[in-house]
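One line per chain: the protein sequences are Y and P, in this order.
For what it's worth, the numbering used here labels the leading residue of the first sequence as 115, then goes sequentially.
For what it's worth, the numbering used here labels the leading residue of the second sequence as 106, then goes sequentially.
Don't take each hint at face value.
Covered by chain P, according to a simulated footprint, are these stretches of chain Y (three or more residues, beta-carbon under 8 angstroms) [what the hints assert, rightly or not]: (1) 156-168; (2) 173-187; (3) 198-207; (4) 244-257; (5) 267-273; (6) 309-323.
Calculated cross-link-like contacts (lysine to any residue; reagent style SDA-like; alpha-carbon spacing at most 20 angstroms) [to be verified]: (7) Y/K187 / P/V220; (8) P/K246 / P/V270; (9) P/K246 / P/L323; (10) P/K200 / Y/D154; (11) Y/K212 / P/V220; (12) Y/K293 / P/P304; (13) Y/K158 / P/L196; (14) Y/K265 / P/P120; (15) Y/K212 / P/L196.
Note that these hints are calculated values from the structure, not bench results.
All values reported here derive from a predicted model rather than from experimental measurement.
The beta-carbon is built from N, C-alpha and C at its ideal position, and this holds for glycine as well.
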Amino acid sequence: MNLGGAAFKLRSRNSARMHFREDAKISDDHHHDHDNHLSDMDAKVRALQTILVEKGLVDPAAVDVVVETYEHKVGPKNGAKVVAKAWVDPEFRAWLEKDASAAINSLGYVGRQGEHMHAVFNTPEQHNMVVCTLCSCYPWPVLGLPPVWYKSPPYRSRVVYEPRKVLGEFGVELPDSTKIKVWDSTAELRYLVIPMRPAGSDGLSEDELVELVSRDSMIGTGLAHAPGQE
Amino acid sequence: MDGPQDLGGKRNFGPINPEQDEPIFHAEWEKKVLGLTIASNGLGHWSIDEGRLARESLSPQQYYGLSYYEIWYEGVTALLKRHGELSDAELAAGKALQPGLRTERRVSGEAMSGVLASGGPSERPQSSEPLFSVGQRVRTKLAHPAGHTRLPNYARDKIGSIQSVRGMHVFPDSSAHGQGEQPQWLYTVEFDGAALWGPDAEPGLSNTIDAWESYLDLA
């Protein structure tokens, strides 16, 4: 079977198709997908929900709560607040190093896929990157749901052996002297990368610092933005 | 198992292609698959490990050909069928043909926020002493089990060192098959890139995995 990039991009049907597409048609397809309410998957999933609700196994309100939570309430802004606090508060940073779950929970970020948190700190000497080669483990309470690339074969297969090339595809180049450690989330520990505080951010408040912390910087595929860059 | 999910080190999957301004969901049905899966997990028929096993038991053609939430749809329908809560006849008919079994475990809308906030911790009380300590050299097992495992292929039969001792955690290799939690000590093990990838490893690379005690021997 040909698993080359081009074939891979085109194999899936419906909305799946866009996930590996590199051209500029994504927004068109996206729009189209929302309009296409008679797609295969749409019909299959509606039928499944109807069956499970009729059988008394699923409360449709519970499905709505899940979607509302991860679409609107829980996202990478949570993690950004953890990072900004670690930058300005040495006691919090020390707590995060020693017991990341407790430190993160203290800010109100708790729950599913973040039960056992571990923070890894970038330095000029060492950069950290996180992957789940076996599935899609990701720290939901601090980052929300993972992006498609994080869950997809190209990232999961490559970052463990060629992280510098992968970083290059995210527009990140590190000095040759910086070592890279890749953390594979093979158990229920969930890793949060604490990026380095950017140069020129000395005078900023904690709230202003939050805006510099991108999602990718907390996975390790990006760096925190310099002030004025984001 | 050596299934299609075990991707670390595989070749020819192409560029990463991160999507700019990516939406959280790409279609309405994806939201429902996520919600239905988490609600169905709440029935308590299966563990998170059995859930992963269901998804990685898809054929390579399916696993690589389907999108993420299509894989989840296949996984949750397989789990519901295995546990008697769904039949092919019902899927074909698009309606319920017999009542659900665990209706008393249905997660209500009011309860779901609490379910999401409490999660499902895998750590268990420490009932033994850990065999290994930080800094010790260990060799991962050489094994190709037919069942579920969380020891990835690229890190088998390799020498690394214990970076952290993480407490005792549910053992996925048994939990996935309905054989109980059988908690074991869990360790973060660190490897030099060259120990995993040979002389072509990127300079300065190291890798870690989280490994249960039975995956490891003293080196």
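Going through the hints against the structure:
{"no.": "1", "hint": "156-168", "in the structure": "holds (count 11)"}
{"no.": "2", "hint": "173-187", "in the structure": "holds (count 12)"}
{"no.": "3", "hint": "198-207", "in the structure": "violated (count 0)"}
{"no.": "4", "hint": "244-257", "in the structure": "holds (count 5)"}
{"no.": "5", "hint": "267-273", "in the structure": "holds (count 6)"}
{"no.": "6", "hint": "309-323", "in the structure": "violated (count 0)"}
{"no.": "7", "hint": "Y/K187 / P/V220", "in the structure": "15 angstroms, holds"}
{"no.": "8", "hint": "P/K246 / P/V270", "in the structure": "18 angstroms, holds"}
{"no.": "9", "hint": "P/K246 / P/L323", "in the structure": "10 angstroms, holds"}
{"no.": "10", "hint": "P/K200 / Y/D154", "in the structure": "17 angstroms, holds"}
{"no.": "11", "hint": "Y/K212 / P/V220", "in the structure": "27 angstroms, violated"}
{"no.": "12", "hint": "Y/K293 / P/P304", "in the structure": "16 angstroms, holds"}
{"no.": "13", "hint": "Y/K158 / P/L196", "in the structure": "8 angstroms, holds"}
{"no.": "14", "hint": "Y/K265 / P/P120", "in the structure": "13 angstroms, holds"}
{"no.": "15", "hint": "Y/K212 / P/L196", "in the structure": "49 angstroms, violated"}
Consistency with the previously given hints fails for numbers 3, 6, 11, 15, ordered from lowest to highest.
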